[in-house]
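Colleague: Sequence:
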Amino acid sequence: MDQETLNHIKELTEKVNQLLRERGSQEETEDPHVTTRIPVTDLTAYPELIEALPSIEEDFFRSPLTDEERKNALYSCPKNSSMNYIPPPLNDSASSAFYPIRW
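When we follow this note's numbering, the leftmost residue of the sequence shown carries the number 31, and every step to the right adds one.
Because the hints were derived from the structure by calculation, they are not lab data. Nothing here was measured: the structure is a model prediction, and the numbers come from that model. Every residue gets a Cβ at the ideal spot worked out from N, C-alpha and C, and that includes glycine. Among these hints, one or two may not hold up.
[Claimed, not checked] Derived CB-CB ranges, DEER-like:
| id | residue 1 | residue 2 | range |
| --- | --- | --- | --- |
| 1 | Leu83 | Arg53 | 43 to 49 Å |
| 2 | Val70 | Asn47 | 31 to 37 Å |
| 3 | Gln48 | Ala82 | 55 to 61 Å |
| 4 | Leu49 | Phe91 | 30 to 36 Å |
| 5 | Arg51 | Leu73 | 52 to 58 Å |
| 6 | Glu78 | Pro117 | 39 to 45 Å |
| 7 | Glu78 | Gly54 | 32 to 38 Å |
Modelling step: build the complete structure from the supplied sequences, incorporating the hints.
Modeller: What follows is the structure, encoded as structure tokens:
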């Protein structure tokens, strides 16, 4: 390469480095209370899956039960009010570091 081409490459490299420095200083001046989120990704189902389960394109996350059916299912379960829980006794032989010294 001739000297003129090398000088031109050197000038361009210096300009790129200067732009990178300016861009880096701009990022530092951003508001620290603002966070950048990952962009949203849309997922599409495979055609084979759509053929096997055509209902997958409809409200996929919709509950299959109506509100009334869901309430009936939840409230039909017996309550555990007869259960009497007795926690195990505490171990008094724990390290003395956990207890204040008594005189």
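Colleague: Tell me the hint numbers this structure goes against, listed in increasing order.
Modeller: 4, 5, 6 and 7
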